[in-house]
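There are 2 protein chains.
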Amino acid sequence: MRSSQFLITTLKEAPADAEVISHKLMLRAGLIRRLASGVYTWTPMGLRTLRKVEAIVRDEMNRAGALEMLMPAVQPFELWQESERGDQYGPELLRFKDRHQRDFVIGPTHEEVVTDFVRKEIKSYRQLPIHLYQIQTKFRDEIRPRFGVMRGREFLMKDGYSFHTSFEDLQREYRVMFDTYHRIFSRLGLRFRAVAADTGSIGGTGSHEFHVLADSGEDDIAFCPDSDYAANVELAEALAPTGSRPAANAPLVHVATPGQSRCEDVAQALNIPLSGLVKTLAIVPELPEGGNAGLVLLLLRGDHELNEIKASKLEGVGAFRFAREDEVKDVLGCIPGFIGPVGIKPGIRVVADRSVAVMADFACGANAVDTHLTGVNFGRDLPEPEVADIRNVVSGDASPDGKGTLDIVRGIEVGHIFQLRTKYAEALNCTFLNEQGKTDVMEMGCYGIGVTRIVGSAIEQNHDDKGIAFPAAIAPFTVAIVPMGYHKSPAIQQAASELYEELIAAGFDVLLDDRNERPGVMFADMELIGIPQRLVVGEKGLAAGQIEVKGRRDAEATMIDRAGVVDYLRKALAQ
Amino acid sequence: MRSSQFLITTLKEAPADAEVISHKLMLRAGLIRRLASGVYTWTPMGLRTLRKVEAIVRDEMNRAGALEMLMPAVQPFELWQESERGDQYGPELLRFKDRHQRDFVIGPTHEEVVTDFVRKEIKSYRQLPIHLYQIQTKFRDEIRPRFGVMRGREFLMKDGYSFHTSFEDLQREYRVMFDTYHRIFSRLGLRFRAVAADTGSIGGTGSHEFHVLADSGEDDIAFCPDSDYAANVELAEALAPTGSRPAANAPLVHVATPGQSRCEDVAQALNIPLSGLVKTLAIVPELPEGGNAGLVLLLLRGDHELNEIKASKLEGVGAFRFAREDEVKDVLGCIPGFIGPVGIKPGIRVVADRSVAVMADFACGANAVDTHLTGVNFGRDLPEPEVADIRNVVSGDASPDGKGTLDIVRGIEVGHIFQLRTKYAEALNCTFLNEQGKTDVMEMGCYGIGVTRIVGSAIEQNHDDKGIAFPAAIAPFTVAIVPMGYHKSPAIQQAASELYEELIAAGFDVLLDDRNERPGVMFADMELIGIPQRLVVGEKGLAAGQIEVKGRRDAEATMIDRAGVVDYLRKALAQ
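Protein chains in written order, with our numbering: chain R, 132 to 706; chain H, 132 to 706.
For the record, the hints were derived by calculation from the structure and aren't laboratory data. Treat the hints with caution; some may be incorrect.
Intra- or inter-copy, both count: the list cannot distinguish identical chains.
[Unchecked claim] Heads up, simulated DSS-like pairs for lysine-lysine below, C-alpha to C-alpha not over 27 Å straight-line:
#1 K569 <-> K254
#2 K155 <-> K251
#3 K143 <-> K251
#4 K251 <-> K597
On a predicted model such as this, the values are computed, not experimentally measured, just so you know.
This is chain R alone, in the form it adopts within the complex (with noise of 0.2 Å):
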């Protein structure tokens, strides 16, 4: 593509509204451009992209035996009232009415409708399994759509569903999108990690995300950098310490620590480490049946923090809010950051984290203001406690699996991948007849990727300060040729042309600028676009039979054979 017949809208300043580095580039480089909140049009030039992304994700899935099929936008409100998802979903589901006051929905997903679909064409053993699949707009009214395409609300996603005849045959297609979803975002050129939902392992009833590793993600990642370990820190368990508790050695002390309730304050008034300390958070669990079951200690190490689904999960509690002020001094008689599970009426339950267990002469609250204790012991000073797993799991802990150290790093949700079982299909009675003749309910899983989102999260981790840094897999162009004098010198148009041709015939995506622009301008477009590859053809390198070839990442540009161009491209573009 030559420029002057393409269509560059790059910009010097992102719009004010844009608040992460994806959706300003994207604004900047002209790939997108808003029409309403969280409705985004995609350039010729986004448009590219988007295209090569959506071409990978599909030819991975035909690959996998996935059959592509197309679903309507617009789907009758009735099978969500059959599935019971149409109040549940709430305000994000749009809904409306058609002339003629049917009601109907802009589809947000498609399980309804392709269980619908299943249940009306399949009847036999013998015609499962089938995963059906499609890439299609959704629309999912978002009560604050942000972050340009990454929290949009039209979007384009892939959607597949699985049907099966039993959970081991589920399981095996789980297994298959697994390594599919491997290769798809390894193809992307994107560095991920495929994290566990919930257990950790593909087995089980299982769930796993697909995240794309990236400073501002939203989601803190646990993994193990020397194994496949990955989940979510709200998830990753957190082993228990290896080594036995020591000997109670200092005796109980209580020490002044005016005004000083927070740990760090604490730590180092008392000159001990954060690691020394014992923070105690009190917490009401919520009745079903409204009232609640009176305060719960929950004992953890200074340095680290609650994981609030890990204690929502311990028996007797389930879903809690903390204490407030008054319930607190009610029972222990101080208000909050002096507390402590030391010397408190008997009843109350005491649950302490397993790296709290093996502490021995440890500082924590006293229950009175303005004073800790230090030389804390269980068994001597305070009971045993209750043990659980209840923290986040921080950099440096012990992997669940037994393979290494786990790592702490942010990543952005871009595919998921779920084992349904028969909730659809049992909600819309999705059935077909075994091989004994009679009527069973199918098995089914769900995998999505976020088409759209995969382009702005390649921008959250593929950037510098000129722009973008798209990986070859997904540039709207690999190769930029940019001239200098295109329109003053005769023998440098035909060089670039001669040169367009012959990258064209080799089958680069190349970009000739062949604007009548500055050099510096035309630079700066073809790194904010985040071309891969730039070639500068001039007089000096024309006269050498030599090309300048700079790679997007690259620090300074070098000059190559003019004649070893193509063979040096297809290196540069492959790493």
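Fit chain H to the supplied structure of chain R, relying on the hints for placement.
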């Protein structure tokens, strides 16, 4: 693809609500399934055809230099208010409110959105011309969706919009698109006609419709087989007959025609051809300020039909209705069926069609019940009438371009190109700086193709009693391999699989029907789906080194050498 790994869901009978043949066959062949009124799911089989249509459209649009982009399906209603189409468009425009009570529509077309995009991105004549297009889902809330995908509510459309500095440049692009559309429909393998929607020439403030020719089409098209002339019957000019009027010969005679108010009956009773009879239609032009301007009599040859559009374009007529019986009685003293232009009160306007103006010795109503006149002549028995073209052309009429005679065929509109001029650009203030540095309004063209509708119309044009006979370019598969005894004979299985691999490697879209079905079922399915070439792998052919081939439209199968099958198919599919 192997059938066992694909989804074939053919039906013996089409649902009762399918009215037209394409709708019936698409359901029976399992290409689509209904989700709601006018809203269809494309099955894996159907989507293959839809994508092939898309690919050809895209390829030719790109070749013509148009740039693909992707605009949202959901559009803010305020843009429609700006163009003043919001209320004009009527209830086919589906409106809804988002969760913040802001007004949106699901776009039935994108003139507003693209004009809004261009007014923001394009500032200078140096960035023009530009042609932006998309292939995208539209929604039109038809009051009575029918004919399957031919008149659905949710459908796929290619819509392109070009922007220009001058009318001349718009006309240039219009001609490019005229040619591009010819290439697209030719490559799709369809018999079609470009039909002038007004003057019949590409120049002028033009508009052309592209019609796929099919007996079931909703539109009558007049075209000249010896030239490029084609127009909607409503718009084709009926030239004046070349000969002049013969001299009056017969005397004026009153003839009794009891009960014979229909032209056919009168002609038979009088023993004259229909073309020797003049029928008189009484119309009442309605005045814009209310009321009417009195009766006007229109004279047409007995074998011709009134063209209401042409009549409404007569000076002083405009919108009109047919006279009521009481009005006819009041003015002519007779009921309709026996009225005529002879002996009427002075001042009644009489307009004769060009073909009537050259008649002599004709018959017509006598303005008396059960009576007609014969031997009627202008100038002798009644004044010379006002003459105009007020009839529909018929087969055999001279072509308006003077290059032959017209044929009438039925067509289905699948494309439309249109010179919008400055309608939207003015309403949305879409301007540019011209070479003189002055602000000017852009000239604009729009170019639509009903991608979904093409599939339906291709089937309307290409089917027989066995099912669909797809053109090779858009068949879901181009070659079907039907093995005789795949599940019984290892030799057949091996031969079929080898053939399959060989054809895949040669680039064919092959479906190997490896289902455990009777041959009759497989043959019927492959014919119903419309796969252009069928190969049968059987014991006899295997022994003789031959294979049975049959084109979808062939009456008989033939045996060819197995070794020559690739060459044979290449030739057969290229036809």
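Verification of the supplied hints:
1. Proximity of K569 to K254 under the C-alpha cut-off of 27 Å is restricted to the intra-copy arrangement: shortest distance 11 Å within a copy versus 69 Å between copies.
2. Taking CA atoms no more than 27 Å apart as the test, K155 paired with K251 passes between copies only; the shortest distance there is 17 Å, against 46 Å inside one copy.
3. Proximity of K143 and K251 under a CA criterion of 27 Å is satisfied inter-copy only: 15 Å between copies versus 54 Å inside one chain copy.
4. In the homo-oligomer, the alpha carbons of K251 and K597 lie at most 27 Å apart only across protomers (24 Å), although the nearest pairing inside one protomer, at 54 Å, exceeds that limit.
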